[in-house]
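Protein chains: 2
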Amino acid sequence: MRILLVGAGGVGTAVTRIATRRPFFDHMVVADYDLSRAEAAVAPLDARFTAARVDAADQAAVLGLLTEHRCDVLLNATDPRFVMPLFEAALTAGADYLDMAMSMSHPHPDLPYERTGVKLGDEQFARSGAWADAGRLALVGMGVEPGLSDVFARYAADELFDEIEEIGVRDGGDLTVDGYDFAPSFSIWTTIEECLNPPLIYEQERGWFTTEPFSEPEIFDFPEGIGPVECVNVEHEEVLLVPRWIDAGRVTFKYGLGEDFIAKLRTLHELGLDRIEPVTVPTEDGPARVSPRDLVAALLPDPAGLGDRMHGKTCAGTWVKGTRDGEPREVYLYHVVDNQWSMREYGSQAVVWQTAVNPVVALELLATGRWEGSGVLGPEAFEPRPFLDLLREYGSPWGMREQ
Amino acid sequence: MRILLVGAGGVGTAVTRIATRRPFFDHMVVADYDLSRAEAAVAPLDARFTAARVDAADQAAVLGLLTEHRCDVLLNATDPRFVMPLFEAALTAGADYLDMAMSMSHPHPDLPYERTGVKLGDEQFARSGAWADAGRLALVGMGVEPGLSDVFARYAADELFDEIEEIGVRDGGDLTVDGYDFAPSFSIWTTIEECLNPPLIYEQERGWFTTEPFSEPEIFDFPEGIGPVECVNVEHEEVLLVPRWIDAGRVTFKYGLGEDFIAKLRTLHELGLDRIEPVTVPTEDGPARVSPRDLVAALLPDPAGLGDRMHGKTCAGTWVKGTRDGEPREVYLYHVVDNQWSMREYGSQAVVWQTAVNPVVALELLATGRWEGSGVLGPEAFEPRPFLDLLREYGSPWGMREQ
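Protein sequences, first through last, are from chains A and B.
So for the first sequence, full-length UniProt numbering puts the first residue at 1; every next one is plus one.
So for the second sequence, full-length UniProt numbering puts the first residue at 1; every next one is plus one.
Next up, chain A with everything else stripped away, as it sits in the complex (with noise of 0.2 Å):
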């Protein structure tokens, strides 16, 4: 297996750093804006990685560089706004496709806050049939969350329950950074993205319809010493993705955010400081068209850095409910990553190294023939046992809490 890496940030440099250890493909090239970001992920490991510069916009540069290095793989961890580019250029390169994100939603013109637009993934899904009659698969959403939330929902629906009422995503933490009064711990762009649009739930009767942002606010308590954390529902792929492949009456996703964080993006949104489209700023060199949310992430320190002053653990999970042989049941299937032992390991952050490690063992089952499939895939279209147990074999074991 040949794979191109198309961004070598948190997450992406995590991913080599992960993957120089497995012997599964032959060839990693590490593409990024900026070279020397690319550079400097490759420059520590075995001579399987090169390094390379592209425009994760340029379809055609990065088609040159799939062709030139003759790639089975595109595997992109940039920010959502590269996945459409990036995944057709996959598609005519005739290469298969991983991303963490799904191509991105457009709220509903007249009510935003009840029905969908343009949901994530759409047009990624518009063009399944394309993949499938290619015979390429686009494996959408396989980072933690979406990713291994989806893995624990097939799980749950082949394995533990007969019947189920919700899966709901749970994603939760106790993470600190030393010396910031504001940090987070992932990209602000994305965190922005999810966190205020309009968030999404499905139910079996109504399909899927939105909300207010951090509508239904409620405490819930995340295993290994994290404790409760309130949790609001956001716009997340699993939401998406779920109820394509699992048969449950609601899914949702609520996230971890608290009450401060809560807070400060209503009024990044109030401002106005969550806005893509540019405005016309001053600036000594004469106006310039910035994009507020740009500045916002260019103001804050890069999540990626701050993991020698982090402290604490984050944990995706899958919480269901439903019934087992007549019975009721509930459990939260969870992944929990320690940052004092993802930095001793792997030098990298608990929530980007936990977002890395999924794509980098679904690629391994992809190159040993264990998940195979075409078309536009979710992680809940394969098989679970084979993903969960090749997990446990990278150091990172899973948990189930029966509720």
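Source of the hints: derived by calculation from the structure; they are not laboratory data.
Backbone N, C-alpha and C define an ideal beta-carbon position, used for all residues, glycine too.
Hints should not be assumed to be uniformly reliable.
What the hints assert, rightly or not - Stretch-level coverage of chain A by chain B, calculated; a stretch enters the list once three of its residues show a Cβ under 8 Å from a Cβ in chain B:
no.: 1; region: 260–269
no.: 2; region: 277–284
no.: 3; region: 293–299
Let chain A serve as the given structure and place chain B on it in line with the hints.
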């Protein structure tokens, strides 16, 4: 009297609309960085007004304009960044100078929330000798707050009290803006500057010292139906001006920001969005160096243009506590502007109109010789009675409440 008005924003434009009704001056040149703003201000007025383009930071250009138009006085209606170049240009030209905010402060490098660093106006007062030697007057802080609030303080000291324990400027209102979640009624640039800098307090025994932003919250009951508003300490010129001329045990300034506005300002600060120093942001035209505070200002509606959607009143005033004839006494001297009135009468919203009327009154007192002086002086250096009487003549009465 020939006047150069620099700045044709909300306050500058209101200055021209107020001044056009008064005969005391011969000519007013209205200059702005954006010539079209100056032209728009001047268009509906009488022949005494002309428009010009000027960069307020360009001292030589301002000097050229003062000389060309043979101006006796420069009225600065720009933001505090431009105080020093305009102040120096006026001195060089041999003109008098008025502003509504003083030269900027810089926090103490080690103990920003205890000790003062460079205080508001320090740079201007350092030049007082040069102004006195030239026989010219720089009347600084001559808007509503500072400005009218300082006149009130002097009036209280002269006519209402024998001894003054505390002088506390208190600013509040009940203005709302239809159709906006968040639309400050005054320049956000200046609001951030005064609210996020360490607030200043004066005590006779300690001198000037600073505290944490938003310190000493208190509920102050504003007159004319506005009612109680939560007020907090902010950095303001009165605290620096009043003790130079008036004997008072303590001087404070509290701003009725309200909880929600305070929370938003705190968030802007925690995210670094209040910073003036530019950061590098990627744009479609390559990296740009952008001041975060300028971006925040660019996102918000121009407060001067919100008058049509605004409702309510704004109140500026000075609360004084002390003794008279051996008896304790407490008064609040205040000036309330109803937005409906200022829009109908002048087409200017309440807050900018209230700021603008005071320097026009002061200019008239100077033109007619009722006020005179040289050096760098605050409003409390002059007889308060003529000012307070003339303000009434402008159709804008002030009030006094015994508490």
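Here is what the structure says about each hint:
1. 260–269: Coverage by chain B holds for the region 260–269 of chain A (4 residues, Cβ < 8 Å).
2. 277–284: With 7 residues closer than 8 Å to chain B, the region 277–284 of chain A meets the three-residue bar; holds.
3. 293–299: holds (count 5)
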